[in-house]
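J.: Chain residues, written in single-letter form:
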Amino acid sequence: DTGVSQDPRHKITKRGQNVTFRCDPISEHNRLYWYRQTLGQGPEFLTYFQNEAQLEKSRLLSDRFSAERPKGSFSTLEIQRTEQGDSAMYLCASSLRSTGASYNEQFFGPGTRLTVL
Amino acid sequence: AQKITQTQPGMFVQEKEAVTLDCTYDTSDQSYGLFWYKQPSSGEMIFLIYQGSYDEQNATEGRYSLNFQKARKSANLVISASQLGDSAMYFCAMRGGTSYDKVIFGPGTSLSVIP
Chain C
6 DTGVSQDPRH KITKRGQNVT FRCDPISEHN RLYWYRQTLG QGPEFLTYFQ
56 NEAQLEKSRL LSDRFSAERP KGSFSTLEIQ RTEQGDSAMY LCASSLRSTG
106 ASYNEQFFGP GTRLTVL
Chain S
2 AQKITQTQPG MFVQEKEAVT LDCTYDTSDQ SYGLFWYKQP SSGEMIFLIY
52 QGSYDEQNAT EGRYSLNFQK ARKSANLVIS ASQLGDSAMY FCAMRGGTSY
102 DKVIFGPGTS LSVIP
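Going down the list, the sequences are from chains C and S.
Taking the numbering used here, the leading residue of the first sequence gets 6, the next gets one more, and so forth.
Taking the numbering used here, the leading residue of the second sequence gets 2, the next gets one more, and so forth.
Don't take each hint at face value.
[Claimed, not checked] From the structure, some residues in chain C lie toward chain S, with a derived Cβ separation under 10 Å:
{"no.": "1", "residue": "Ser32"}
{"no.": "2", "residue": "Arg36"}
{"no.": "3", "residue": "Tyr38"}
{"no.": "4", "residue": "Tyr40"}
{"no.": "5", "residue": "Gln59"}
{"no.": "6", "residue": "Ser63"}
{"no.": "7", "residue": "Pro75"}
{"no.": "8", "residue": "Phe79"}
{"no.": "9", "residue": "Arg102"}
Keep in mind that the hints were calculated from the coordinates and are not lab data.
Even for Gly, the Cβ is constructed at its ideal location relative to N, Cα and C.
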């Protein structure tokens, strides 16, 4: 399977605990994105990377959230001191940024569903 | 700021009929792109179709076509010959402006195909 993968698929945690999610993009893709999707809503942009550089962060990404892509391949999203409001699906996507392309299709992973009790 | 509006929370269509899902957008950018994604109950987001703001022709991909009306700022998705497997959430999305790869999604429309 050469698509975007995410681990774990489901995570249940208690309020106040830290959680970390992993995303493995399509291997040749240089851009990686994180989104959050709550029930009945569309995905909301959180942050994205080009290679290892984090180029943009949403205001939704509070100081409890941190994302890394240390070697420009996989990425991790950590949430510290989780709150019940963090319960959502966390989606990762990747794309190949190429000059001259009219658009860069984002390919999504299956998501990690977080439940904070 | 960019915004996507999808006014139909839920739609029903008879199998083999065509259906139009509405999308309007708001942006002050001259250059932007519009997407439609499908999200089945399994959760993965599936790219369907793309329309660039400077594209003169409406985009088509198989049974999907995008009815792009720039002056009205609308980008409706038309699905022809609906199939049971088309039952899913459909999201209209836009990218543009200073952050050309940041995609803003609408709230979605739930489509149910009736046999």
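J.: Now tell me if each hint is right for this structure.
T.: Hint by hint, here is what the structure shows:
Checking Ser32(C) against chain S by beta carbon gives a least distance of about 19 Å; that is not within 10 Å, so the hint is violated. Among the interface hints, the one on Arg36(C) holds; its C-beta lies about 6 Å from the nearest C-beta in chain S, closer than the 10 Å criterion. Hint on Tyr38(C) holds. Least Cβ distance to chain S is approximately 8 Å, under the 10 Å limit. Given the 10 Å rule on beta carbons, the hint for Tyr40(C) holds: about 8 Å separates it from the nearest Cβ of chain S.
For Gln59(C), the interface hint is violated, the least distance from its beta-carbon to any beta-carbon of chain S being 13 Å, above 10 Å. At its closest, the beta carbon of Ser63(C) sits 8 Å from a beta carbon of chain S; the interface hint therefore holds under the 10 Å criterion. Because the closest C-beta pair between Pro75(C) and chain S is about 21 Å apart, greater than 10 Å, the hint is violated. A least Cβ separation of about 19 Å between Phe79(C) and chain S goes past the 10 Å threshold, and the interface hint is therefore violated.
The beta carbon of Arg102(C) comes within 7 Å of a beta carbon in chain S, closer than 10 Å, and the hint placing it at the interface holds.
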